[in-house]
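Colleague: Just so you know, the sequences run in chain order D and F.
Start counting the first sequence at 1; every next residue gets the next number (the working numbering).
Start counting the second sequence at 1; every next residue gets the next number (the working numbering).
These are calculated hints, taken from the structure and not from any lab test.
Mixed in with the good hints, there may be bad ones.
As the list claims (entries may be wrong) - Straight-line distance between alpha carbons at most 25 Å, and here's what the computed BS3-like set of lysine-lysine pairs gives:
{"#": "1", "chain 1": "F", "residue 1": "LYS88", "chain 2": "D", "residue 2": "LYS236"}
{"#": "2", "chain 1": "F", "residue 1": "LYS273", "chain 2": "F", "residue 2": "LYS247"}
{"#": "3", "chain 1": "D", "residue 1": "LYS257", "chain 2": "F", "residue 2": "LYS96"}
{"#": "4", "chain 1": "D", "residue 1": "LYS189", "chain 2": "D", "residue 2": "LYS108"}
Said to hold, decoys possible - Facing chain D, a subset of chain F residues (Cβ under 10 Å, in silico):
{"#": "5", "residue": "TRP28"}
{"#": "6", "residue": "CYS31"}
{"#": "7", "residue": "MET179"}
{"#": "8", "residue": "MET181"}
{"#": "9", "residue": "SER185"}
{"#": "10", "residue": "LEU216"}
{"#": "11", "residue": "ILE220"}
{"#": "12", "residue": "GLN239"}
{"#": "13", "residue": "ILE241"}
{"#": "14", "residue": "LYS247"}
{"#": "15", "residue": "LEU256"}
{"#": "16", "residue": "ALA279"}
{"#": "17", "residue": "PHE281"}
{"#": "18", "residue": "THR282"}
Claimed, not checked - Simulated restraints, written as ranges between beta carbons of each label pair:
{"#": "19", "chain 1": "D", "residue 1": "ASP94", "chain 2": "F", "residue 2": "LYS244", "range": "28 to 34 Å"}
{"#": "20", "chain 1": "D", "residue 1": "GLU253", "chain 2": "F", "residue 2": "TYR39", "range": "38 to 44 Å"}
{"#": "21", "chain 1": "F", "residue 1": "LYS244", "chain 2": "D", "residue 2": "ASN305", "range": "47 to 53 Å"}
{"#": "22", "chain 1": "D", "residue 1": "ASP275", "chain 2": "F", "residue 2": "LYS93", "range": "57 to 63 Å"}
{"#": "23", "chain 1": "D", "residue 1": "LYS108", "chain 2": "F", "residue 2": "ILE84", "range": "40 to 46 Å"}
{"#": "24", "chain 1": "F", "residue 1": "LYS247", "chain 2": "D", "residue 2": "THR81", "range": "28 to 34 Å"}
None of these values were measured; they are calculated from a predicted model.
Every residue gets a Cβ at the ideal spot worked out from N, C-alpha and C, and that includes glycine.
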Amino acid sequence: MNPNYLEFEQPIATLEAKIEELQLVGTDNDLNIAEEISKLREKSIKLTESIYSNLTPWQVVQVARHPQRPYTQDYIKRMFTDWDELHGDRHFGDDKAIVAGVGRLDGKPVMVIGEEKGRSVPDKVSRNFGMPKPEGYRKALRLMEMAERFKMPVLTLIDTPGAYPGIDSEERGISEAIAQNLAVMSRLKTPIICTVIGEGSSGGALAIGVGDHLNMLQYSTYFVISPEGCANIIWKTVDKAPLAAEAMGVTSENLEKLGIVDETIAEPLGGAHRDIDGMAAKLQERLIDQVDRLSAQPIEQLLENRYKRLMSFGNV
Amino acid sequence: MSWLDKIVPNVVRSSRSRGQSKVPEGLWKKCVKCSAVLYRPELERNLDVCPKCDHHMRIGARKRLDIFLDEDNREELATDVEPIDRLKFKDVKKYKDRLTSAQKSTGEKDALVAMRGELNGQPVVAVAFEFAFHGGSMGYAVGEKFTRAAQLALSEDIPLVCFSATGGARMQEALISLMQMAKTSAVIERLKQQGTPYISIMTDPVYGGVSASLALLGDINAAEPGARAGFAGPNIIEQTIRQKLPKGFQRSEFLLEHGAIDMIISRHDMREKVGGLLAKFTERPAA
C-alpha cells in the first residue's frame, strides 16, 4: 500500500506506480512507451475523477486529515506578503498550535490566525498536533482585538482535531478561553472571514470560527464531535465512524444546505495536496474578493448582519 | 425464593409479597455520596441536599426555578420553541424517537425551561437546564430558548440568571448544535455591552459546548458545592494523557482554586446570594 494515497485511492496508486515504472524503462526504448504512458495518465485522471465525484462523508474526513494536506503555514507562505508572525498571549505562553500574524493580502494589511498541525514529527509535537490550549485562544483574542484597533480584516484558517483535552488546559480555563472568543468575535468591529482548510473539530474550531463569512474547502470537514467520538458514544466502537460521519453530515455540501457554510471552494482534482500552489491561489483569490466586499460595508451594517446571521442558526 | 416461601400455599405467598411492597415506591432515597438512607419528604424540604453530607443532588429544571423565584408573577417564556430534527439523524434509533421518549419521560419539550419572574421582588429572567432530557444537551431548541430569554432581558434591561446542568452540545443536531454556542455567546455579549447583569450558576454537571459558551460568560460565574464542570470529560482526558486525574479534578472547589468561578453557592443560600449580587449590580447611583 502506498502511504501517499488513502485506502480508497489505492487503484490510483497502482496506476501511478505503473506510469512511473514505464517512465524508467522509457528512456532507452522506443516511442510506443510514451503513447502508453499518456494513455495511462488519462486513465489515472479519469479514475481519480470518478472516485472523487462520489466520496462518502467518511472519505472526505480522510482527505481532510491527509498527512500531505496543506496546513496553515503552507497557505500563509503562498497567500500573504510582508509576513510577520506574532507570538504569545501575554499571560502564560506562546501556543504553537495557533500561528498568527500580520501580512498583506493583495497589498492590504490583514490579521491572519490559523491552527497549525505541524509537518515533521518534532514540529507536530511542538505544535501539539494542532490542538490549542487556552493560551492559544487567548493569543488569537489578543490579536483579533489588535486588528480591530488597526482596522485590519481578520482571516482565520481552521484545522484542528480539537481544543486540547488535558489537565493543564482545564486548569487554565479552556472553556472560558473558547467562550470569550465566541463572545468577542460576535461584535469585533472589523470584517472576519473564516475558512475551514482541513479538520474543523467542535469548539476548538469554532473558537476562531465566528465571523461574517464562512468558507470550507471542498474536502474539508466540520463537526460538533469527531466521527470516532460520536461512534464511540452511540455504538461503543470507533469502527462505526463512517456511519457517524454519514449521520452528522460533516461535509461542506451538507453544511451549506443547513445555512451554516456560505461558500465551498473547489479543490484540485484528488484534493488540495495534489496541487498546493493551485489551491492557495484559488483561496487567495476568493479571500481578496470577500475582503473587498465586506470592507465596502459600513461597519454598523456589517455587525448587524453578523448578529442576525448568528441569531438565525438553526432556524428553518 | 427461600425454602419457607416454597412450602407455603400460593395464596399466602402472594399476600406476603404484597405485604412487602406496601412501603410506597420511592419513599426513601439513598444518598449517592454518603449512602445515608433519607426520608424523601424530608429530603425535599431540604431542597434535595443530603442533610448528612451536604451532597447537592440533581434536581429538575422546573423544581430549580420553583425554589429560586418568588412565588408570584411568574411567566414561562418561549414555550412554542420545539426541537427540530433537521438532519433526520439516525443511529441505532431515530433521533425523532429519542426526542419523543425524552418528552414523555420529562414532560418537557426540550432541555431548557425559561421564565420571567421576581427574586425578592426584583424582576429577573431565569433559565434552567433539564438534565433528564437528553443529558441536558444543547441543540437548536435549547439555544433558541436561551437566546429569546436573553433577548427579553436585553430589551427590558432585566438581569439574566442561568442554571446549567448539561453534557454539552447535542450530537444529533451536529453543527447546528455547535452554532448555538456562537448564538448564545453573541446575545450574552450584548447584555455585557449594555450593562445588564448575567449570572451563571453551574450545577452538576456542566461540560463541553455549554461550558465553552454560555456557562462561563457570566458577569458572575458560580457553582453549587461539588458540581463538576469542565470542557472535556474526565474519561476523555484520561484516555488522552494516560494518567489518573487528581482527586477533586473539575469540581467546584477546583474551579474556584483555579480562578474559573467567583464563588460556590449552597442551594440553601442561592436566593439570598444571587439576590444580593443583583441588587448591588442594578442599583444605580442617584443622578
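Colleague: State for each hint whether it applies.
Modeller: A quick look at each hint next to the structure:
{"no.": "1", "hint": "LYS88(F) <-> LYS236(D)", "in the structure": "21 Å, holds"}
{"no.": "2", "hint": "LYS273(F) <-> LYS247(F)", "in the structure": "28 Å, violated"}
{"no.": "3", "hint": "LYS257(D) <-> LYS96(F)", "in the structure": "20 Å, holds"}
{"no.": "4", "hint": "LYS189(D) <-> LYS108(D)", "in the structure": "17 Å, holds"}
{"no.": "5", "hint": "TRP28", "in the structure": "33 Å, violated"}
{"no.": "6", "hint": "CYS31", "in the structure": "27 Å, violated"}
{"no.": "7", "hint": "MET179", "in the structure": "4 Å, holds"}
{"no.": "8", "hint": "MET181", "in the structure": "6 Å, holds"}
{"no.": "9", "hint": "SER185", "in the structure": "4 Å, holds"}
{"no.": "10", "hint": "LEU216", "in the structure": "4 Å, holds"}
{"no.": "11", "hint": "ILE220", "in the structure": "13 Å, violated"}
{"no.": "12", "hint": "GLN239", "in the structure": "9 Å, holds"}
{"no.": "13", "hint": "ILE241", "in the structure": "5 Å, holds"}
{"no.": "14", "hint": "LYS247", "in the structure": "13 Å, violated"}
{"no.": "15", "hint": "LEU256", "in the structure": "12 Å, violated"}
{"no.": "16", "hint": "ALA279", "in the structure": "25 Å, violated"}
{"no.": "17", "hint": "PHE281", "in the structure": "18 Å, violated"}
{"no.": "18", "hint": "THR282", "in the structure": "21 Å, violated"}
{"no.": "19", "hint": "ASP94(D) <-> LYS244(F): 28 to 34 Å", "in the structure": "29 Å, holds"}
{"no.": "20", "hint": "GLU253(D) <-> TYR39(F): 38 to 44 Å", "in the structure": "58 Å, violated"}
{"no.": "21", "hint": "LYS244(F) <-> ASN305(D): 47 to 53 Å", "in the structure": "49 Å, holds"}
{"no.": "22", "hint": "ASP275(D) <-> LYS93(F): 57 to 63 Å", "in the structure": "43 Å, violated"}
{"no.": "23", "hint": "LYS108(D) <-> ILE84(F): 40 to 46 Å", "in the structure": "41 Å, holds"}
{"no.": "24", "hint": "LYS247(F) <-> THR81(D): 28 to 34 Å", "in the structure": "53 Å, violated"}
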